[in-house]
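Let chain G serve as the given structure and place chains D and F on it in line with the hints.
Residue numbers (the numbering used here), protein chains in the order written: chain G, 10 to 303; chain D, 11 to 238; chain F, 1130 to 1252.
Incorrect hints may appear among the rest.
If you want a taste of the chain F side facing chain G, the calculated C-beta under 7 Å gives, among others [unchecked claim]:
hint, residue
1, Ala1161
2, Arg1164
3, Val1165
4, Val1167
5, Arg1172
The set of hints was computed from the structure by calculation and includes no laboratory data.
Note that the structure is predicted; figures quoted are calculated from it, not measured.
Even for Gly, the Cβ is constructed at its ideal location relative to N, Cα and C.
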Amino acid sequence: MNPAIALKGVRKRYDAFALHDIDLELPTGQVMGLVGVNGAGKSTLLRLLMGLVRADGGEVEVLGQRLPQAQVAVKREIGYASDDMRLYRGQTLRWHMDFIRGTFPGWDEAYAQDLLRRFDLREQQKTGGFSHGQRVKALLLLLFARHPRLLLLDEPTTGLDPVARGEVLDALAEVLRDEQRSVLFSSHNTADIEQIADSITFLHAGGIVASRDKESFLDGWRRILCRGDWVDALRSLPGVASVRDSAPLIELKTGGFDATTLPALQALGLAVEAVEPMTLEDIFVTTVHGSRSA
Amino acid sequence: MNWSVSDAAMVGKLIVKDWQVYQKQLAGYVAGLLLALGLVGMGSPLLSAAGGLLLLVLLIVVGMFAIASSIMSERKEQTQPFVMSLPVTPMDVFWGKLLANLAIYLVPFLLVTGGMLALILGTPSPDGSVPWMLLIALFVLGNFVVTLCVAIAVDSEGWNTFAMLALMTLIGPFIYWITWMDGIREHLKGDVIVWSPQVLGLIGGELAVMAIAILVAGWVHARKTSFL
Amino acid sequence: MYAQIVEQVVAKVMGGAWRAGTPLPSIRELAADCRVSVITVKRAYLELERAGVIVTRQGKGSFVADALDATRSLAAQEFETQLQGLLDAARTLGLGRRDIVSRVEQALDASPAHDEQHRRTPE
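Next comes chain G alone, as it looks inside the complex:
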């Protein structure tokens, strides 16, 4: 079975920014979450997968076909939504729905009506009058109702109120039922990624910092509180992202937690008080701070 997405050595250069050495694979039927600060390259990556932007080098393969050569066949089966996408202000949502229905295969009118209700949208309203949240929901409705094989979503829940966010996650969860459908989405709401992603890819400064399945990724990160004297060797322990002296304790955050970590700390003369897992948000912030001061 072809992976939903396969990127090899992809690069793209802009004036002030460059995406480099991107090797990424998304197996069919999986959900991948893209994490990174603004400007790390998440949107560029998604645009490359859509053919909105052409790579300078490397191979881009989506749903088993090469881009940009097969872009029409590929785009027919992809749903893309991003924050900088707008609808035609003077046209109603219904006009957009009819346009999509006539352009793509697989439009499910019954499901579309269901989504209208759940997303609390009026189809006869002109899209120019939509608030940010309504616009995001409208864009998502237009693509969910087509049941596309691959969804590429750039910040689908950002800026949504909790009710709307819940509805979007519900609709996304529906996609999980079908093992032939895959999702790649970027989000600042790390809680969303923690909840619904099978794998996590961490982008920073145009490169991939980490790309692993969520459980083993989270398993590798721990916040450890120890008691003892500060030792400089602490910083050079494998995977250590931050060490903080909050006397009388020392707080250590590491991304390389395994069976050797605690013994290594004890060997340095420290007594381990507590070992806690870290939330994705904490991991994200720690990693970014770590790379900034490096």
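Just chains D and F now, with coordinates in the frame of chain G:
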């Protein structure tokens, strides 16, 4: 380079889409054009000159408006990602924009040109001015096509505005030039339509300019690496 | 995250809503219903199987294990977890072995339910 269209039906849908999105604004301008045509038709020399001028201005404005509406606003309103996320190639979008705008423009253009022709041939006005009028009409159309091609090919609003204004300023000198040209001047006030070699040459030149503009714009568009 | 799924399944089993032999929802079904990732449910099912709460038959899916074994092993697991927690907390407090034992005895004496059970079995 691949000039072909991936799916003609898809291009058709893009054209219909442009029609539907911009039809209301267009209706207003067509109404204005019909009014001006009526003024010209009234026959009195002062009114016809004013009417003729109004027509020319309106034709130009319609052109600029059509371009501004569909292409530049597609960029400003950020509906480009929506269009590019449809199952289309960049060349599909190119042909869609080109044909949609030409079609939108040809409606008022043919109305006006046809109307002027009818007026000249049907009224006491000298029939010899037909080639002269046709040359001006083709020049205005050529202006439109070149401006359209610049708009499709180039993403900068500044350059588009510059191109539009620059071409507009050429209309006056062009009219002056052909009014005094040998092969045209002497037949203006006559009642016989003469297709002199100068006239034919100019017509050929105008058509060639349009074709070249389309070719260059298509080539530039196909080489783009970003369609945002 | 997978712990919540494990808890939910355990609650259903312990509460009797899911009897022995009841087929569990497919991993994807449960993922979609609970709005969590497929991998989380997979992990939860793995943990449940390890705890003896469910059994997975190749090609047929997962089923609730035999009732008695399930509740027993769950309770046993719970006991182990709490015991470890007790020892960890005791260490933090700096309690020695003898202190721990005497505190446990104090708690046993104070707890009426335990007294009842204690009385039922002859000493």
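To see whether the hints hold, each was checked on the structure:
Hint on Ala1161/F holds. Least Cβ distance to chain G is approximately 4 Å, under the 7 Å limit. Checking Arg1164/F against chain G by beta carbon gives a least distance of about 4 Å; that is within 7 Å, so the hint holds. For Val1165/F, the suggested interface contact is upheld, since its CB lies about 6 Å from the closest CB of chain G, less than 7 Å. Annotation: interface hint on Val1167/F holds; nearest CB of chain G at approximately 6 Å, less than 7 Å.
A hinted interface residue such as Arg1172/F counts as satisfied when its beta carbon comes closer than 7 Å to some beta carbon of chain G; here the least separation is about 5 Å, so the hint holds.
Against the hints set out earlier in the document, no violation occurs for any number.
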